[in-house]
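These protein sequences, in sequence, are chains C, H, V, E, Z and S. Residue numbering for the first sequence is 0 to 204, as defined by numbering that gives the first Met the number 0. Residue numbering for the second sequence is 0 to 204, as defined by numbering that gives the first Met the number 0. Residue numbering for the third sequence is 0 to 204, as defined by numbering that gives the first Met the number 0. Residue numbering for the fourth sequence is 0 to 204, as defined by numbering that gives the first Met the number 0. Residue numbering for the fifth sequence is 0 to 204, as defined by numbering that gives the first Met the number 0. Residue numbering for the sixth sequence is 0 to 204, as defined by numbering that gives the first Met the number 0.
Mixed in with the good hints, there may be bad ones.
[Unchecked claim] Below are the DSS-like pairs computed for lysine-lysine, each with C-alpha atoms no more than 30 Å apart in a straight line:
#1 S/Lys191 x Z/Lys122
#2 V/Lys122 x Z/Lys37
#3 V/Lys61 x E/Lys37
#4 E/Lys61 x H/Lys127
#5 C/Lys37 x H/Lys61
#6 V/Lys127 x E/Lys122
#7 H/Lys127 x Z/Lys37
#8 C/Lys122 x Z/Lys37
#9 V/Lys61 x C/Lys127
#10 V/Lys127 x S/Lys61
#11 V/Lys122 x E/Lys122
#12 Z/Lys127 x H/Lys127
#13 H/Lys122 x E/Lys127
#14 S/Lys191 x Z/Lys37
#15 S/Lys122 x H/Lys122
#16 E/Lys127 x E/Lys61
#17 S/Lys191 x Z/Lys61
Rather than coming from a laboratory, the hints here were simulated on the basis of the structure.
Number of protein chains: 6
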Amino acid sequence: MNILIVNPNTTRSMTSTVEAAARSVASASTEITALTSKFGPVSIEGYFDEAFSVPGLIAAMKDVDHYDAAIIACFDDTGLDAARCHTESPVIGIGEAAFHMASLIAGQFSVVTTLRRSVPAIKHNLTKYGLSSRCSGVRASEIAVLDLERPGSDAQARISEEIEQAIHHDRAEAIVLGCAGMADFAEALSHKHGIPVLMIFTVVR
Amino acid sequence: MNILIVNPNTTRSMTSTVEAAARSVASASTEITALTSKFGPVSIEGYFDEAFSVPGLIAAMKDVDHYDAAIIACFDDTGLDAARCHTESPVIGIGEAAFHMASLIAGQFSVVTTLRRSVPAIKHNLTKYGLSSRCSGVRASEIAVLDLERPGSDAQARISEEIEQAIHHDRAEAIVLGCAGMADFAEALSHKHGIPVLMIFTVVR
Amino acid sequence: MNILIVNPNTTRSMTSTVEAAARSVASASTEITALTSKFGPVSIEGYFDEAFSVPGLIAAMKDVDHYDAAIIACFDDTGLDAARCHTESPVIGIGEAAFHMASLIAGQFSVVTTLRRSVPAIKHNLTKYGLSSRCSGVRASEIAVLDLERPGSDAQARISEEIEQAIHHDRAEAIVLGCAGMADFAEALSHKHGIPVLMIFTVVR
Amino acid sequence: MNILIVNPNTTRSMTSTVEAAARSVASASTEITALTSKFGPVSIEGYFDEAFSVPGLIAAMKDVDHYDAAIIACFDDTGLDAARCHTESPVIGIGEAAFHMASLIAGQFSVVTTLRRSVPAIKHNLTKYGLSSRCSGVRASEIAVLDLERPGSDAQARISEEIEQAIHHDRAEAIVLGCAGMADFAEALSHKHGIPVLMIFTVVR
Amino acid sequence: MNILIVNPNTTRSMTSTVEAAARSVASASTEITALTSKFGPVSIEGYFDEAFSVPGLIAAMKDVDHYDAAIIACFDDTGLDAARCHTESPVIGIGEAAFHMASLIAGQFSVVTTLRRSVPAIKHNLTKYGLSSRCSGVRASEIAVLDLERPGSDAQARISEEIEQAIHHDRAEAIVLGCAGMADFAEALSHKHGIPVLMIFTVVR
Amino acid sequence: MNILIVNPNTTRSMTSTVEAAARSVASASTEITALTSKFGPVSIEGYFDEAFSVPGLIAAMKDVDHYDAAIIACFDDTGLDAARCHTESPVIGIGEAAFHMASLIAGQFSVVTTLRRSVPAIKHNLTKYGLSSRCSGVRASEIAVLDLERPGSDAQARISEEIEQAIHHDRAEAIVLGCAGMADFAEALSHKHGIPVLMIFTVVR
């Protein structure tokens, strides 16, 4: 199988993080191609950034029909509806996929994302997908997307605090990490908190 | 009061139709400026067109802060969330406004729009706004946006047929016309069918 | 345009407050007539008062057909369904209208009303109108309607405290004042809290 | 036990029908007192009649505290909220009670009522009570309340036709008769259609 | 009338508690037969116990057709759907019946049950019955079913604490006791807290 | 990866159909073990059969902890909650998984199942999972489970007719086959109708 992953922001290091996470869970026979959008915002936080990254996303998907499926590597599922109008191949958003996966392993899950301004778009997606009744809360860690990668950042610690709150206040049985840039925190946080902490590129144990 | 209307597609004749409709209901002291997007799709039918018209819409709104409010003249409320991130002024979508107005004058209303491919986006907006319980149906007349203006088009007759169905099958008490290009049909159809047929630029009698 | 406002309680000073608020936002060409119900409760707080004020309301609306539209100046939308059966003219409740207006300018809004016993009727209206998903909370300030006008009352301070709670706990982006008698607090509270605090007779800036 | 039944319209023959139905299902030790409202509409069809019958209803309930419970014998549950504010005794509406009873014996039920103009109030009550997901349809037989008692009326036949539709189109597993005046049709219709046809004063077999 | 009560767990003392409670509210002419399941779990706390008690429940109901109705005396309504497939007689679950009864006497009610692991099944039932909008909270007292009967247990005190929370935090207007084994606490708790505390075998005053 | 599939009915030929379907989509490195329940109903159609197959299902899962995950091969997700209480390993129901998968590739999907008596359980599951808003209809083909395998059966033709209805009346964009025994019809029906027809053991193209 041949999968195209497109990062709709223009930050290549984030594409690399996602690509590595995807490879680590793919079976041997799956080929993964990861592309970065060539124009548009460097990170996507809220509706404004989303709107401006769709044309770059669609441009990056120009050869999508050569693949068995495409994955949009932005937790807001930026441009998902537009991309689906652009190709007959299945297109999956990582937010949408994570919500469905969490629903299969937990009665209710909470989301921990970056900035508060991303929360309405995530809640709105949950309603659209039909899964808001499964979500026990959407929490902001107040870390900007690009700070997730900054050396010396306390990002993981702050995300961990929100997970703690989600377990005790929301009674969450699983956590969905609400940003593609958090892909490499999942395993450690899952281990630390004793419940599944997931993105679609993580193995749930 | 000073209102900016932006047509997010690039078809100037549609801007003129909307502008005339707006002036006909505005009070004497209200100034209306109507602008047309300079790049992007010539009409907006479904998610793909929507995505590609937002950058042109935002560009056309560059002086929005000089106005008391802005109106996006596309029934899909294209770019509404992004535009609201762009300015402190109130921004209103004509779809959203029409749904709220219809809710004030009718127990339930049906929508008659252009092509079937626009239906999911409209239904999704109704859910997002909280008003799907007020909507008794979203019907497609299967007339393309640009055919609404074509001389000799049977557009009005086909819309009228769908209104008939909406009244008898959906038990609609009001009709919302689901495309800015239908603005000048509202009065005649309202008269013909004996229930309010409205857009936000029509006087409901 | 010719608008009839009816206060369904028998307290004339409250009619005057509402009338002044309405005139301050109406355009020059709009004529406003404000009438007070001649029999029934002096204030409307909960279902019992509501039921007993409808006959007086309908009596006060006996000439409603001479007007372009009527407004029922009670936040509970007392008698709205009955009034709509009584006339072909549009009849608008100030509660209903405020909920729709707040939905156009905010992702979610909270309501601050008078006594706790009014809360169920307001929540029930939100459900009926389809807008409960847009409302982040209905809060009681525990001030009786008639105390809103009492000289030396701390009404505004207590309403302000609830607004503070609504902003921080509910994450409200706008506040709807839940009693016609609060009409003249809106502007000051909006200024103080930095988010729109509204009734239908206020200009949102 | 000592139960007060109040008919909120002024038609005594309807009170008698309801009283007989109630006695036929009450246990030997239950005393039933049935009163008729002394002023207000002769029948209640829609919101306008409802509003004008509440004062008469409350007047008729002046001794409600001498009873163990009160029943409002109007399917619209006219004045139920107001009556509950008036007394500490339990007050039950026959519409509400029938919806709950039907939910205990059927996966989904349909309602067959009198005129179309009563439908919105019934649907609205179902939403308020939380039971709309249990209701497969609200159907109007287009028989006025007072025609239910008219000798030679084809009322039962027309109700029967709607029950037939409800079984085949709505897949209703039980029928709720939507008017107190239909109390004495329940047994025959239940027998004829082979599914429970009920009001709260009928024995479901 | 002839009613069969079946306790789907194998603990006879619990059947006796329920039987006594049922008799205390039944009219003189009602005969009550209470049976205990002969095989399966000794108490039912969560989905696993539920699944294993259904065969014993159905076996205990082998003569159900000799009765006018059957009651399943487990708050989770264990095996209710299966029992309804087994007989034409009405079968009522005590959880379901209590939710409907509470809805008739209170705008919103909270449930106080035994262990946290029973909460999801109760919430799920509320959704299925359509009544989640009427429920203001499901609270666990963290007392195991069999400890309810243990001499010297502080069960009633801990349930009382949760009722206190439900009144103040959930704004519950009535409490539903979420385990058949709590049947004999209802009257005292209702008296203590001043709001109805109920199961279907209690008289609400 | 090591996956356990358990058929909760006792019909071995159905286990073989499911096992073959599963192997055809599994990657080379995935080991599949398929077991048949040793006691309980021969097929599962509705709530009664479900209840009696759970003990056999749990017995068949006695070694579940040796596997990476378990799949319950019954479209009703029989015993899913109980099985999840029985093990720490992920347990997936094929109904639940198919609903989530269909949601990822279609705006709305319809289900085509066997007998009408299975419909309520399927609708109830959709509500529980949160996905009823994604489902455009649950249709019965009126073919009993065991007739699916009978030589000369017109099962596929009758399912195909319902798919036709689902496409035209429900506007379904994908079809979920509502019985494990239909596993080998998926590819042909998908090809014939031109939209995805799926179970979790089919490759969607």
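Comparing the hints with the structure gives:
1. S/Lys191 x Z/Lys122: At roughly 42 Å apart (the allowed maximum being 30 Å), Z/Lys122 and S/Lys191 break the hint.
2. V/Lys122 x Z/Lys37: Cα-Cα ~48 Å, so violated.
3. V/Lys61 x E/Lys37: holds, 24 Å
4. E/Lys61 x H/Lys127: The given pair, whose Cα atoms are some 47 Å apart, is violated under the 30 Å limit.
5. C/Lys37 x H/Lys61: holds, 24 Å
6. V/Lys127 x E/Lys122: holds, 10 Å
7. H/Lys127 x Z/Lys37: violated, 52 Å
8. C/Lys122 x Z/Lys37: violated, 49 Å
9. V/Lys61 x C/Lys127: violated, 46 Å
10. V/Lys127 x S/Lys61: violated, 51 Å
11. V/Lys122 x E/Lys122: holds, 17 Å
12. Z/Lys127 x H/Lys127: holds, 24 Å
13. H/Lys122 x E/Lys127: holds, 24 Å
14. S/Lys191 x Z/Lys37: violated, 53 Å
15. S/Lys122 x H/Lys122: Measuring from Cα to Cα gives roughly 22 Å; hence the hint holds.
16. E/Lys127 x E/Lys61: holds, 27 Å
17. S/Lys191 x Z/Lys61: violated, 48 Å
Checked against the numbered hints above, the structure violates hints 1, 2, 4, 7, 8, 9, 10, 14 and 17; every other hint is satisfied.
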